[in-house]
Amino acid sequence: GAVVSQHPSRVICKSGTSVKIECRSLDFQATTMFWYRQFPKQSLMLMATSNEGSKATYEQGVEKDKFLINHASLTLSTLTVTSAHPEDSSFYICSAGQGAYGGSTDTQYFGPGTRLTVL
Amino acid sequence: KQEVTQIPAALSVPEGENLVLNCSFTDSAIYNLQWFRQDPGKGLTSLLLIQSSQREQTSGRLNASLDKSSGRSTLYIAASQPGDSATYLCAVNTGFQKLVFGTGTRLLVSP
Chain A
-10 GAVVSQHPSR VICKSGTSVK IECRSLDFQA TTMFWYRQFP KQSLMLMATS NEGSKATYEQ
50 GVEKDKFLIN HASLTLSTLT VTSAHPEDSS FYICSAGQGA YGGSTDTQYF GPGTRLTVL
Chain B
606 KQEVTQIPAA LSVPEGENLV LNCSFTDSAI YNLQWFRQDP GKGLTSLLLI QSSQREQTSG
666 RLNASLDKSS GRSTLYIAAS QPGDSATYLC AVNTGFQKLV FGTGTRLLVS P
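Chain order of the listed sequences is A and B. Numbered per the numbering used here, the first sequence finishes at 108, counting up by one with no gaps. Numbered per the numbering used here, the second sequence finishes at 716, counting up by one with no gaps.
These are computed hints drawn from the structure, not numbers from a lab. Ideal Cβ placement from N, Cα and C applies to all residues, glycine included. There could be a bad hint or two in this list.
Claimed, not checked - One-sided and incomplete, this derived list gives chain A residues near chain B with beta-carbon spacing under 8 Å: (1) GLY86; (2) PRO101; (3) ARG104.
Using the sequences and the hints, build the whole thing.
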């Protein structure tokens, strides 16, 4: 089956530093990748949608200058949390879709998540 | 704005019981609905996906139904086992593969 990996699985950083999280589709090409954030005991909230070769689309309330998303190839998307603060501490999960953009019935495959702790 | 709610928020049952998890959504204009399982501190495992034109899907001891017009889905787990303990999330696809997730049901199955 389709596999999505994330790296790192866990990161601890100091306030004010930047952290990069990678999301890779290992055995398929992902036209579209999604980034979600999950606070403790809450559900997943979509942060942004990234399409290979174009700018990411951010959900309302998500700061695009703080959460930089790059989708440079069909197998890799990165999320950079810039100038991280303790309130950015969360579980970040990516997913990758196999279908073409607009293929609404296609399945998304989820990565294992990255636990970010900002001290 | 699509909102997805799951009831109950938490459920504790003895092993062997059959149980039903509920998911409701406010906007019936969905492409599909998916049920996921999430273990503590882990990512998501897809359990079942129901397209908007379908009424139900089955996989092993799991059966999911969808009533799009009333904005409801149920996940039925037969003969529950301790290994079923996890958080169960439903999510609706609102288009362009964008998923709106429910609030989750934390299930504990005791031996």
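Verification of the hints:
Look at GLY86 of chain A: its Cβ gets to within about 5 Å of chain B, closer than 8 Å, so that hint holds up. Restraint check, PRO101 of chain A versus chain B: the minimum CB separation of about 4 Å is within 8 Å; hint holds. Checking ARG104 of chain A against chain B by beta carbon gives a least distance of about 7 Å; that is within 8 Å, so the hint holds.
Going through the hint list in order, the structure satisfies each hint without exception.
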